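Participant: Let the hints inform the model, and build the full structure from the sequences given.
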Amino acid sequence: MNKTTKVLLATLFALSIAIRLFIALQTSHLEYEGYSTARQIESIRETGLPLYSDELSYGGRERVFSPVYYYFLAAFTFLMPVELAAKIIPTILASLIVFPIFFLSIQATKNEKVSLLAAGFAAFIPGFFNNTINNASIYAAVIPLFFLTAHYFLLTNKDPKHVYKLITCIVILTVLHPTSLILALSLLIYIAFLKLKRFRESSREPEIVLFFLFLVFWLNTVLYKRALGAHGAGALWQNVPARIMEESYTQITFLGSIYSIGLLPIIFGLGAVYISFFGKKRKHVTLMTSIGLTIFLLLWFRVFELIIGLMLLGVTLAALSAYFMNHIYEYLQTVKARQAHNIFLIAVLIIGVLGVIPNVFVASAQAGQVPSENDVALYYWLASNTEKSSTVLVLPREGSAMSYFSNRKNVMDDDYLLVPNINKRHSDILSIYNERFVTSALQKLNYYNIQYIALTEYNHEKSNASSLMFFDDNCIKQIYPEGQSNTEGFTPKAFEVRCVLGVPE
Amino acid sequence: MKSKNLLGKEQNVVLMLLGIILLVLGGLQFISYSVHEKAFMGYETYYYMRLSEQYQETGVTNYDLLQDRKTSFNLFYLMPGTSLIPVRAAARLIPVLMGVLSAFLFYSLLKTLKHMKDERLIATIIFVANPLFLYVFTSFTPLLLAVPLGLAGINCIFRKKIWWAALLLAALPLLSITSTIIFLLAALPASLLDKDKKFSVIIAFLAALLSGIASWIFLGFNPLLELIPSTEALSAVFVELGGIKAYSLIVIGLAVMGILISWQRNARSVATFLFIATSFTFSLFFAETRIFVAMIISVYAGIAIINIINREWNVEQVKNVTLLLILCSIVFSFVVSINSAFSQVNAEKINGIIYLSTSNPEDVMLSAEENGFMIGYLAGRKSFVDGISYKHSSYEEKKEVARTIYYSRDLAVLKETLEDNKINYVLIDYWMRHGGVWTGSDEGVLFLFKHADEFVRIFSNAEVIIYRYVD
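Protein chains in written order, with this note's numbering: chain A, 5 to 509; chain B, -19 to 451.
Simulated from the structure, these hints should not be mistaken for laboratory data.
These numbers come from a predicted model, not from an experiment.
One or more of the hints may lead you astray.
Straight line, CA to CA, 25 Å or less: simulated BS3-like cross-link-like pairs of lysine-lysine [unchecked claim]: (1) B:Lys299 - A:Lys169; (2) A:Lys448 - A:Lys481; (3) B:Lys140 - A:Lys448; (4) A:Lys392 - A:Lys466; (5) B:Lys97 - A:Lys162; (6) A:Lys285 - A:Lys201; (7) A:Lys199 - B:Lys299.
Here chain B is said to cover these stretches of chain A; the calculated rule only asks that three of the stretch's residues, wherever they fall, bring their Cβ under 8 Å from a Cβ of chain B [claimed, not checked]: (8) 66 to 74; (9) 214 to 225.
To list a few chain A residues with every Cβ distance to chain B over 10 Å, as calculated [unchecked claim]: (10) Asn115; (11) Leu180; (12) Val307; (13) Pro424; (14) Cys503.
Just so you know, even glycine gets a beta-carbon here, dropped at the ideal spot from N, CA and C.
Facilitator: Structure follows, in structure tokens:
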């Protein structure tokens, strides 16, 4: 690698960090999803242990997860506050994606220019970029590691000295997140492709795949034993409520999916697959195709939410696009028009940059989807004006944020594993806000042992509800804001549940 | 590829293995006894103990007097019934002995089939470390006899002892019709591969068929009742995913590897692979046949492990870690199945159920289907639904009635439903209260049980709450 490439790669990495941080630091809070992680980090900082027994989530319950990511983030909270660590560290981790994609592309093309472009695609692909900013998402760490593992897998084939680096990556990825299962399945499909396409046999590849498969199987069955026992095969779907899963697929249109991945990576990535199948055989492209195919199949079976699949698919296509770009680049070098190959790269760069700019604005707008100052004020008010053991009803997405700020029990948040009858709970919570009659509302409120109902600005934006239809001063009393609010527009409200159905007080 | 001598002197290893099986199975029975003298592993144990005792007391074999319904004749009821030891002692002793015998017969079958020494030893180890082996040989069910009988029968076919094979396989339909189907299917590819055995297989087929027909006509054996699949079976296929009578995923994975290796070695017997696929599919619906499929799966898993051991690896450490991971996974599924088995052995639950025996003999109890067998044996009372109700025509109707009661919030409807179905007691266990039926403490009928005067809480401990309906 020449010096200019090194500088450009470092610049790309720095640019990714800078833009991500610029967007994340626009607001002092995290996105709603980030507070689940923030609560874990805080627990580790205070007690040394993550929240395996969480008294606030779902009114108190046991949880199953791998704590590695939380411990990693918690280590930085000795240098900075929790919320800041949850903004900065995942930003750096997500920006690291440029390195594995660059090295994977170099392996496939030996062309540093197109590899830099592919790394740029990966860093700024809308799906990955927008969903790993300001939400402390574990995918910020998982996806770069996923592709680094793929890179070392291919490298080990050529040079056995990388085997220990590969094993280290495999072990970290496996203990970090079940996404390792996708890579293990992809490698299995890759081995099948090698057989089908009659590649030169390598004894090292099946060995590593075997090791990886058994490690992934064993570690995940041990880590998620309780979830597997409780949900059976349904644990693969992470017990996500059917409605949330359905919405994750229906809310994104076909054009939306293309936008999430980016037009250039789709065109170039699919071009690479075509060439690989009908032209020159390349292990790199075969591996990336296997990863893409696995993700596509898992999306087909709706194993994870669409946006997670699109993140992985987008980065895979970015890695594949280098091969097709190089193909065009090499072809243009042979045509009569001089500099055509460089013009092609400049054109791709310009189109790429033009695509990135509007997305930065979109991401910036999305980063504003954090709890508003008024909502946070309500959460703090609940912290000082309600009993410590009380349960507060908020929308499921707000659950972790409410518990983080107010230290009160939520009825539902965004970790669904081990929760029985999740679909009923989810639909009950959503329906309470739309209830017209106090008796039917009380049935559900009593059932979930809810003492307070919070109607936040976020909820107001979603449902346009300004108050509860079933609210009355006897059973459901408004307690926040205290006295009449003078501000115009909507103000967050809190209600106290004072009745128990069938047992008059 | 030359096989390494992995496990030392064969005879010693086999003896040691049988000793370990004896210790493990005996130890599990001892632990369950120490929990409660009436605690047995596996819900079905209580059902078969009750019917064996019923035969001992009344001589009736094809009718369930307590539940007032037809049942199929089974040779198994006669075995402890006519023996000198009481049924309760037989239910602890026979599983251990049959477990050791079956492991030995499985091993000697592999020897007869000329599997290599290491292959047959590892296959036997995988078979006995299988959750299914543990389940079958800790419970008291007809499979205890069907497994060794079938193994001995197949052994005789391969050793060309035709009349012994016919005699042993003729007894098999009287124990389990589904097991007979699997065993005869297993004999088919063998007869296709080796023309010499065709005659033995035909004789065995005829013997099993004739004995089945004869017992249908003369003994009240009902093959149709036996062939009703369990609706629950399909949802609990793997032990790692919460199944009890279930396969271990790791062994299945290894078996797939073993099948691919056998295929590559030119052992391309389409009939064998078709049989494996058919029997595996059959076992998805009939959980009791899984133990037989587990035997075949163990053989192929053994082939896979031997291949991993004998293969030259580029990095020896990776090989060692991979083998360690396989071992850990097998041990893990074994431990998970022991945990599941012991979750059924619970002194507080047994005490709660025994308390029901203070009720009137004609009272009907409502509880989870799994508890029905225990209620029948420990309290001697009729349960509204039990684990075998799915084989009877009124099952869907009864399930609907139970659902109506569990989720009822209307006292009038609840009273009417209870009276129509003559249900006087409702037994609620921990599982039912924590996700099995309800998730909240006041959900459905639990609210009425707490607040309505018509229901009296007559017993409660950490595991069980019993409500009595007072008319």
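Participant: All the hints need checking, so say for each whether the structure fits it.
Facilitator: To see whether the hints hold, each was checked on the structure:
no., hint, result
1, B:Lys299 - A:Lys169, "holds (16 Å)"
2, A:Lys448 - A:Lys481, "holds (17 Å)"
3, B:Lys140 - A:Lys448, "violated (70 Å)"
4, A:Lys392 - A:Lys466, "violated (28 Å)"
5, B:Lys97 - A:Lys162, "violated (38 Å)"
6, A:Lys285 - A:Lys201, "holds (8 Å)"
7, A:Lys199 - B:Lys299, "holds (22 Å)"
8, 66 to 74, "violated (count 0)"
9, 214 to 225, "holds (count 8)"
10, Asn115, "holds (30 Å)"
11, Leu180, "holds (18 Å)"
12, Val307, "holds (15 Å)"
13, Pro424, "violated (4 Å)"
14, Cys503, "holds (14 Å)"
Hint check: violations occur at hints 3, 4, 5, 8 and 13; the rest are consistent with the structure.
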